[in-house]
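Chains as they are written, first to last, in full-length UniProt numbering: chain A, 1 to 286; chain B, 1 to 284.
Everything labelled a hint here was simulated from the structure, so no lab data went into it. Every residue gets a Cβ at the ideal spot worked out from N, C-alpha and C, and that includes glycine. Please note that a few of the clues may not be correct.
[As the list claims (entries may be wrong)] In silico DMTMM-like links for lysine to aspartate or glutamate, alpha-carbon gap of 25 Å or less:
#1 A:K193 to B:E14
#2 A:K195 to A:D180
#3 A:K132 to B:E47
#4 A:K195 to B:E14
#5 A:K95 to B:E47
[To be verified] With beta-carbon atoms standing in for the labels, derived distance ranges:
#6 A:N232 to B:Q228: 19 to 29 Å
#7 A:V254 to B:V186: 52 to 62 Å
#8 A:R53 to B:Q71: 38 to 48 Å
#9 A:G52 to B:G114: 34 to 44 Å
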Amino acid sequence: MRARNRIAYGFLAPYLLIFAVFWIWPIIYSFYLSFLSTRAVPWTWAPHMNWGRLWIDPAFWNALRNTLVILFIQVPVMIALATLLAVLLNSQLLKARGIMRFAFFAPVVVGEVAYAAVFRLMFNADFGVINKILTGVGLPAVSWFSNPTAAMALIIMAVTWRWVGYNAIIILAGLQSIPDDVYEAATLDKVSKTKQFFFITLPLLRPIILVCVVLSVIGTMQLFAEPFLITNRGGPGGATETLGLFLYRQGFTVLNFGYASAVAYTIAGLAIIISLINFWLGRDPK
Amino acid sequence: MKPQSEMRSKSSREMIRTIGLHAVLVPLAIVWLFPLWMMMVFSTLPENAIFSAQIQWLPGTHFWANFEQLQADTGFLRTLFVSIMVALVYTVLSVFLTSMAGWALARYHFLGKGMVLAIILGTLTLPYFVVVIPQFIMVARDFGLANTWFALIVPPLFNSLGVLFMRQSFSMMPGELFDAARVEGVKEWKIFLFVAMPMARPTIAALCIILFLASWNNYLWPLLINNQPDMMTAPVALGSLIGLTRVSWGGIMTGAVLLTVPMLVVFVLLQRHFVAGIAAGAIK
Chain A
1 MRARNRIAYG FLAPYLLIFA VFWIWPIIYS FYLSFLSTRA VPWTWAPHMN
51 WGRLWIDPAF WNALRNTLVI LFIQVPVMIA LATLLAVLLN SQLLKARGIM
101 RFAFFAPVVV GEVAYAAVFR LMFNADFGVI NKILTGVGLP AVSWFSNPTA
151 AMALIIMAVT WRWVGYNAII ILAGLQSIPD DVYEAATLDK VSKTKQFFFI
201 TLPLLRPIIL VCVVLSVIGT MQLFAEPFLI TNRGGPGGAT ETLGLFLYRQ
251 GFTVLNFGYA SAVAYTIAGL AIIISLINFW LGRDPK
Chain B
1 MKPQSEMRSK SSREMIRTIG LHAVLVPLAI VWLFPLWMMM VFSTLPENAI
51 FSAQIQWLPG THFWANFEQL QADTGFLRTL FVSIMVALVY TVLSVFLTSM
101 AGWALARYHF LGKGMVLAII LGTLTLPYFV VVIPQFIMVA RDFGLANTWF
151 ALIVPPLFNS LGVLFMRQSF SMMPGELFDA ARVEGVKEWK IFLFVAMPMA
201 RPTIAALCII LFLASWNNYL WPLLINNQPD MMTAPVALGS LIGLTRVSWG
251 GIMTGAVLLT VPMLVVFVLL QRHFVAGIAA GAIK
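Isolated chain B, as found in the complex:
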């Protein structure tokens, strides 16, 4: 008799806990999803519906009309092209540069290694604002390279996140493997490229996602350095519309959806890598 009643009370306690858990989480989840839902709804509504007295909960059919308005306002397709190219090239370059540096720091003893590491780690948490003014003076005035692909892609490559990621990944690999290749007479750069890099694929995947996202959403630097319409990134172009008095909000929301939804899809498909990248970025 007794064990049975204890079991029943245990399962009813569990039931209460389950209900309590969802009573907290479900309303919060709805609040958190609400802005994203409204973004999609707004992007499909004509202007008069967005600003009508009634709340519009459901999407309409005005997406293409809104997009055409946005395209007319900013040449959004061109800015999307710039954003995609910059994010792709930046990600590939950054992965290679930081992998090479991470490899050197993980696998060789060399003069000044401790100092290089100390400088990278010691300045890691310095606010970006400390460097943005000199970067701007250098690129815009000294190099004369404002409104170029170089300005968008190269300065942000200083980011040392990849160095620490890749160093961690390379240093956990078994050294015998690389030594065996050396005995065979394989050159160091081939060991790096054809042995170590393929083994680091999960880390590289997480790193690629984080870097692509950072570049895709980057706002302050592109805002400062590229202000010509044909070299603006999509967030900068969209930001320039916000705050104008006569502007199509449906168009702005369409732009927000085009910037956001692809990333949400990637997030859903690659959630594991995303979460791994963010967690590792903070914990390293």
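Isolated chain A, as found in the complex:
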């Protein structure tokens, strides 16, 4: 057994070293940092400062509110759309399957900066192709970057464009793992396709959809590049400032690492709580 230990740790050691230094230690250190006053060197122990400030900082509450608004609108819409897409893309009747899959899955490989740049140009209020189309069909042009609601809608659309295919891939894999004979039996019993979807497909997909929801919640809690690049640092006037952007500002513009760490742990805590609520709501009703 001793020899086995040595061999096993020989294989593990290089990875564990990196994992400990760049993952485990930062998790601990960040928690410790959140209790320090880091506004001036040397840093001092001030356990209530950062956490107390969170409660009364309007900029934090604004970022939290924006993040939750995006979360509660974008995630359900995207997951519903992803489920629909997965079912439709899985259909035997589908023509041009390759192109269809490409259309929805391609955004998965597009980087944040590239797609942010395209969306920013497309939604330009004066010259953007979207407003040209809107006015072309007789609708009013929208001030995507100066109207707070429109800016928020833009972020939600952009994130949905980028991530719906990713979720559809996961749900599609789940769909394809449902054995065909379940549906054959249902068809023989003259159960309609719609009923099959609601009473067979959806219940069997529930665990996979839950995973998608949880991944999306964690992702949305950390939303950064989109408001940073598309709506120009969370504009207009902080209307699209997210927790991720707020953390970036506190950590890397103001260089207040302690306060930023408190924000980071708030993001982690909220992500965990919302995920647990999801698992609880989506548990098997027995």
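Chain A is already provided as a structure; the job is to place chain B on it using the hints.
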């Protein structure tokens, strides 16, 4: 008579379903392809065409002129070189490190195995933001290694996705095979390298694609740690142009195309591995 009419109504129902399916999917697919199409179109247009009152639906001939502008704005070729090198080295290192760890966790009993697994799984879904500040303090201040290859490549190697992938793959292999090699007196590291790794090729392929893509598109960490022009990655350089007032949008779109199209080609060629990697990443 009756079976025939039933068949006809069945096939006409199928026809209606087919039409309904495409009536939903085709418009959605067009909407989803639209940004990618416009990215390509914009990258080939001169500035005045991008901002003209007319919508330009079709590509022009200005790609090289736009690229030259982008190169003048950021030294984009250098940043592409940095991005390619970082993604390649990161992918190779990560595959080896995580394969070795996955092998140990799949194939040996050892003291502390349960704890190692529990820590990896237990912290898997923690948001990256929790570690980014200490990582930055450590690499930039304590190590003094901002704007280096080390800073771009090594810290992101903590990613444990590969460990779980490879552990899964190794633990499904028949143990007799490895035992037979042991009886022959083959060393453990040779069994890992020359027996187990070749057998895990499909998993390694999927893992390579996912890791390369993650590194290629990584934005936040390179943005924080490397801000010198000669050590910027391509997404960071491109991001630094967005939001400037006097900037060539044709150039930015050219950069977006150069970042995106190679990945789209890889995606089309290796769609199976891509899909397998993403699905496995979520389901594990």
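Now for the hints, and whether the structure bears them out:
For the given pair, K193 of chain A sits about 11 Å from E14 of chain B by alpha-carbon distance, which is consistent with the 25 Å threshold. Of the pairs offered as hints, the one joining K195 of chain A and D180 of chain A holds, with about 16 Å between alpha carbons and a cut-off of 25 Å not exceeded. With a C-alpha separation of about 17 Å, the suggested pairing of K132 of chain A with E47 of chain B holds against the 25 Å cut-off. For the proposed pair K195 of chain A and E14 of chain B, the alpha carbon gap of about 17 Å is at most 25 Å, so the pair holds.
As the CA atoms of K95 of chain A and E47 of chain B are separated by approximately 38 Å, the hinted pair breaks the 25 Å bound. Checked against the hint of 19 to 29 Å, the C-beta distance between N232 of chain A and Q228 of chain B comes to roughly 24 Å, which is consistent with it. For the pair V254 of chain A and V186 of chain B, the beta carbons lie near 58 Å from each other, so the given range of 52 to 62 Å is met. Checking the proposed 38 to 48 Å range against R53 of chain A and Q71 of chain B shows it holds: the Cβ atoms sit about 45 Å from each other.
Under the hint 34 to 44 Å, the C-beta atoms of G52 of chain A and G114 of chain B, about 39 Å apart, fit the expected range.
Violation of the numbered hints given earlier is confined to hint 5; every other hint is satisfied by the structure.
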